[in-house]
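Undergrad: One letter stands for each residue in the lines below.
Number of protein chains: 2
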Amino acid sequence: MLERDLAAAPDVASVAELEAELERRLDRARSGARSGGPGAEALWDDVRDAARGGKRLRPRLLLATHHALGGTQDVAALRLAVAVELLHTAFCLHDDVIDRDVVRHGRPTVPARYAAGARAAGASAAQASACGVAAGTLAGDLALSLAWRLVASAPVEGTARENLLDLLDDVVQRSAGGELDDVLAVVAPVRPALTDVLRTASRKTAEYTVVAPVVLGALLAGAGPELVEVLRSAARSLGVAFQLGDDLLGTFGDERVTGKSARSDLAEGKVTALTALARRTTAWPVVEAHLGDPAVTDDEAGRVRSALEVAGVRADLENLVARYAEHGSRLLDDPAVPAALRAALEPYARSVVARTR
Amino acid sequence: MLERDLAAAPDVASVAELEAELERRLDRARSGARSGGPGAEALWDDVRDAARGGKRLRPRLLLATHHALGGTQDVAALRLAVAVELLHTAFCLHDDVIDRDVVRHGRPTVPARYAAGARAAGASAAQASACGVAAGTLAGDLALSLAWRLVASAPVEGTARENLLDLLDDVVQRSAGGELDDVLAVVAPVRPALTDVLRTASRKTAEYTVVAPVVLGALLAGAGPELVEVLRSAARSLGVAFQLGDDLLGTFGDERVTGKSARSDLAEGKVTALTALARRTTAWPVVEAHLGDPAVTDDEAGRVRSALEVAGVRADLENLVARYAEHGSRLLDDPAVPAALRAALEPYARSVVARTR
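Residue numbers (the UniProt record's numbering), protein chains in the order written: chain A, 1 to 357; chain B, 1 to 357.
Looking at chain A on its own, in the form it has when it is part of the complex (with noise of 0.2 angstroms):
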């Protein structure tokens, strides 16, 4: 539906011609990587396996930004662009350690690849799951360290390029620290309101899945500060509504589409805003009998799932995420953004909905 809606809009860059630079960045690390030994090679083949077949919403959402700005900077924002998936194909990288999942886009993870090889090889449980941190950690590293690179090596200039910087510095610890927020509330004695799960979805996924490639497409088109001021606010509720989504698709959501199962997020005790909401109805002692056991059945997240939508759980939570896409669009209205961004932006803020309906 979004990659419908933005490729529809006849400024954005070309999907191929992204494509076509992420694929030439990650060969010339690869080829740089020579020297580097099977280790380093090998690593950056993760990093490609890790960033085929994403949805590219983050740079297209990038590159939409600066066109519709007027901006002319084409070298420089396909960079930055490349930049955006790399930050997210290393966070996927480093959440698939730190949640121990073994399937991401119905395809096993990195840490799950390598430890099966390792088991296969006949290493103990212990050094198969080291071999398999090792190589998702250090692919991330990689992953991350390249997004920096691209940033720091922008065509641009002085105050120009520190802005970019600074940008990408804030991303980078808000969603560090949301992610660990977010992996803390798990063990929290007290279990985190509502508006707390909200405020770690902000950090955690709004900041590096919206904010940023809005305010760095807007930056480089030359944006001034009260136009970035307006275009932050509206993108962190448009990526506290994808978060939010996200969330809801995680139970709700069709396995085929989402390429993982519907049972991980009950099985990992994930706080999220639909546990959160659920906390104070009637569904609450079916959740909770579940949540957090690993070896909970597809029947009983089924009727986890049946408890949520006949206490209204999942209704309130498809309202929310249309709340927090309308604030975002309402955003969008100030007289600051230029009606073709609000053009661009809008299909952006209507898919985030319709997916989770």
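Hints in this document: simulated from the structure, not taken from any laboratory. The beta carbon of each residue, even a glycine, is placed where N, CA and C say it ideally should be. Incorrect hints may have been included.
[Unchecked claim] Rough simulated footprint, nothing fancy, chain B against chain A, three-plus residues with beta-carbon under 8 angstroms:
no., stretch
1, 97-111
2, 129-136
3, 174-180
4, 278-286
[Claimed, not checked] Some chain A residues flagged as far from chain B (calculated, every beta-carbon gap over 10 angstroms):
no., residue
5, E226
6, V230
7, R303
8, E346
Since chain A is already given, all that's left is putting chain B on it; use the hints.
TA: Relative to the frame of chain A, chain B by itself:
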């Protein structure tokens, strides 16, 4: 030993200045993180803690090289010096996640600390481990990002900046590749030969420990490609001597000095120069009986040490350290290397050997 030698060199910027700059950078990062929530602030505290008490070898090598070559970019040099220290911090943080190390420098590692906290709060073993992995991974990401940021913002322009970024790029991927090779060697069907072990040591440690500081310092002082190539080769040799020395100290060192258990390399089944050398000696049956045994006792580790000494393996490795250090020194005799720089780096070559005796 090394600390005293380098500190005695008259032309090295004072350690106090270096510590102050490191503190300033971490303070600034942490205040910037306030908007990133409690997680981001906690992660910066973890980075600061992990960076505490290091010997600062890497930044001091960088400053000594820059100064000895008559460099005058003192502000940039200090910034790069902090960057190489943070790169080291980042690798240590991720290394502790990968190796599941619980103690470094005699204190609990970040993963160990978070896991203990989660356990105390009632988390399951799996949840506690996930908290530890999350904190270690994310703190390392922040340290790595700050290292990139400092190099990217160094007050040098154009090709000079690109050269610095190229070097950082190269070093990060060699180190990551070397680390992966090192971990995979434990489960390799055929035990790696000494040449492979030396190659991995060169990539994993020599690059970021000696090559990066020396070459960054030289580039900043305006060194031409010829000198840079000589320094790169010499630094690589010294770096391999350093890693081989670490392997020696990991087994024969005083735990109170090394800050880590003299059993841990053995218990983890690490493939080091020591095990590669031992393979064709009478010590091998004793080594093999305990290598990779997580429950190896102090007594058993003592028997392995004795066997290695009796079979002459310890002496062989000490000689290898000396040979690599001498080779590095000889390379510094190249006429392209100014006498002042040779004089500044000689104490380093000497101390790499001296600490193993």
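Undergrad: None of the hints should be skipped; say for each whether it holds.
TA: Hint-by-hint comparison with the structure:
1. For the stretch 97-111 of chain A, the stated coverage by chain B is satisfied: 4 residues place a CB nearer than 8 angstroms to a CB of that chain, which reaches the threshold of 3.
2. Interface restraint, the stretch 129-136 of chain A with chain B: holds (5 residues with C-beta to C-beta distance below 8 angstroms; minimum three).
3. Figure legend: the stretch 174-180 of chain A, annotated as covered by chain B; annotation consistent (6 residues with Cβ-Cβ distances under 8 angstroms, at least 3 required).
4. For the stretch 278-286 of chain A, the stated coverage by chain B is violated: 0 residues have a C-beta nearer than 8 angstroms to a C-beta of that chain, whereas at least 3 were required.
5. The beta carbon of E226/A is kept farther than 10 angstroms from every beta carbon of chain B, the shortest such distance being approximately 19 angstroms.
6. Every beta carbon of chain B lies more than 10 angstroms from that of V230/A, the smallest distance being close to 18 angstroms; the non-interface claim holds.
7. Once the 10 angstroms rule is applied to beta carbons, R303/A is consistent with being away from chain B; the minimum gap is 23 angstroms.
8. E346/A, annotated as away from the interface, keeps every beta carbon of chain B farther than 10 angstroms; the closest lies near 28 angstroms.
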